[in-house]
Amino acid sequence: MKTIFYAFLTLSIFATSAWATVTVSSPSNGETVSTTATYVASGATTTCSEGVASMGVYVDNDLVKVVDGYQLNVTIPLTVGNHKTVVQEWDYCGGSTYTPIAVTVATQSGVYVTSPVPNSTVNLLANYVATATSTCSKGVGSMGIYVNNILAYVVQGAKLNTSLGLSPGTQHTVVEEWDKCGGATFSTVNVTVATTGTKFLNLQANQGWNSWGQLPPVYVDCSPCSGLTWSMAHKVASPSLSGNATQFNTSGTTPYGVVLWYNPVMGQYSTQGLPDDNHTLIPSLHNFTYDTDLYVTNASVTQVLEFDVSMYMDGIGMFFGTQCNHLGGGEWDVLDNVTQQWASAGVPCTLVNGWNHLTLQFQRGSGNTLLYQSITLNGVTYNINKAYAPFEVPTSWYGITVNYQMDANYKQSANTTYLDNLSLTYW
11 MKTIFYAFLT LSIFATSAWA TVTVSSPSNG ETVSTTATYV ASGATTTCSE GVASMGVYVD
71 NDLVKVVDGY QLNVTIPLTV GNHKTVVQEW DYCGGSTYTP IAVTVATQSG VYVTSPVPNS
131 TVNLLANYVA TATSTCSKGV GSMGIYVNNI LAYVVQGAKL NTSLGLSPGT QHTVVEEWDK
191 CGGATFSTVN VTVATTGTKF LNLQANQGWN SWGQLPPVYV DCSPCSGLTW SMAHKVASPS
251 LSGNATQFNT SGTTPYGVVL WYNPVMGQYS TQGLPDDNHT LIPSLHNFTY DTDLYVTNAS
311 VTQVLEFDVS MYMDGIGMFF GTQCNHLGGG EWDVLDNVTQ QWASAGVPCT LVNGWNHLTL
371 QFQRGSGNTL LYQSITLNGV TYNINKAYAP FEVPTSWYGI TVNYQMDANY KQSANTTYLD
431 NLSLTYW
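Count along the sequence shown starting at 1, add 10, and that's the number in the numbering used here.
Derived from the structure by calculation, the hints contain no laboratory data.
Given the structure is predicted, the values throughout are model-derived calculations rather than measurements.
Warning: the hint list may mix true and false statements.
[Said to hold, decoys possible] Here are the computed distance ranges between Cβ atoms for each label pair:
1. SER147 x THR57: 38 to 46 angstroms
2. PRO87 x VAL165: 19 to 27 angstroms
3. ASN137 x SER423: 43 to 51 angstroms
[Said to hold, decoys possible] Heads up, simulated DSSO-like pairs for lysine-lysine below, C-alpha to C-alpha not over 27 angstroms straight-line:
4. LYS169 x LYS190
5. LYS396 x LYS209
6. LYS396 x LYS169
7. LYS209 x LYS245
8. LYS148 x LYS75
9. LYS94 x LYS148
10. LYS190 x LYS148
11. LYS169 x LYS94
12. LYS148 x LYS169
13. LYS75 x LYS94
14. LYS209 x LYS75
Built from N, CA and C at the ideal position, the CB exists for glycine as well.
My request is simple: use the sequences and hints to build the entire structure.
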């Protein structure tokens, strides 16, 4: 076994190797920490053929901890105030390199938010980055984000880094920490959410809607369908908020029949003059906001109403399926594209007779993942932030559709709803 000697090393004079690195994952440079800080690092690479021998932590020029090997995970006691700390590695060839980490030790429990800046303007998907400290000897247990007094996100530990879907307008958000002694502190971060992108307006009035039905138990597309009838009517002045609503009707004798209406707004058969023949527009889009006014004539027979945006390209399907399971559990569901099964979003959905206002936010993430960001119904926003993989499409169909679906109850009771001011914002 080889022995490494450290007596000749000081913080001000380091023997360095130009071909070695030290990667520090905790704490980050400039971070505010507690009086006991956890240092996590690795001597990621070195050109020394025999590898990294050991790693250590300096605090204000004093070597306070050394461990054998190329990985380090230690807790270092620190005094209140600012400290210059360094994480260093020594290899078996006599070389060494280091990474400086400046930290500030807090005098009390607190939440330190570096993003977003309070009273700033953010995008619909806002990045929250924060750390927490606590005078509790057991440390911080977890952190969370409240949006308009509703807990939207929780993570274990004293660090938080997440992207959170927010609705347009002024939002009251709070980042809070809970320590392991039963205490808590928080920091208020009010933000204004800006909407960008291009908007299709009054889609309910467009004449390009298509439709089909489905019947249980397999729900295969049909048109016509035995025991299921449907219709739609444009230019409805009452009930209407704009004077140009569209009426949707279903009836029949087969229980639990469903009818889907869809409008191909982009790509093949585009109703908006955007065929995207060169396939350059649709692949560039990542964010969608579905917004509509919905009139319910009889909530007691309204089993399920579904609102979707679908996106197809390069043999990949992304179906942002969102349904209000009004009579089947009174909650919102989102579609898992891989299993083609509905998953509970974990938030309630209660429709009222008369006008309801709905806003849905979706995002296409890396690898074409589907992120259900948020649902706002009648002024109440629920942050969903559930992500699912896309699915393979057996056809070459290319485009984006806006969908609306009505699901009947066990009696297939006749039902009528209206959409008005239906829009899709995309960017």
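To see whether the hints hold, each was checked on the structure:
Taking the beta carbon of each, SER147 and THR57 are about 43 angstroms apart, inside 38 to 46 angstroms as hinted. Between PRO87 and VAL165 the CB atoms are about 25 angstroms apart, so this pair conforms to the stated range of 19 to 27 angstroms. A C-beta distance of roughly 46 angstroms is found between ASN137 and SER423, which places it inside the suggested range of 43 to 51 angstroms. The hinted pair formed by LYS169 and LYS190 meets the criterion: a straight-line CA distance of about 15 angstroms does not exceed 27 angstroms.
For a cut-off of 27 angstroms, the pair hint linking LYS396 to LYS209 stands: about 24 angstroms separates their Cα positions. A threshold of 27 angstroms between alpha carbons decides the hint, and for LYS396 with LYS169 the separation of about 21 angstroms falls inside it, so the pair holds. In summary, the hint linking LYS209 to LYS245 is supported, as the alpha carbons are separated by about 21 angstroms, within the 27 angstroms threshold. As the CA atoms of LYS148 and LYS75 are separated by approximately 21 angstroms, the hinted pair is consistent with the 27 angstroms bound.
At roughly 25 angstroms between alpha-carbon atoms, LYS94 and LYS148 fall within 27 angstroms of each other, so this suggested pair holds. Between LYS190 and LYS148, the direct Cα distance comes to roughly 6 angstroms. Compliance with the 27 angstroms bound is thereby established for this hinted pair. For the hint linking LYS169 to LYS94, the alpha-carbon distance of about 21 angstroms falls within 27 angstroms, and the restraint holds. Note on LYS148 and LYS169: the hinted pairing holds, with a Cα-Cα distance of about 15 angstroms set against a maximum of 27 angstroms.
The hinted pair formed by LYS75 and LYS94 meets the criterion: a straight-line CA distance of about 15 angstroms does not exceed 27 angstroms. Simply put, LYS209 and LYS75 have alpha-carbon atoms about 58 angstroms apart, too far for the 27 angstroms limit, and the pair is violated.
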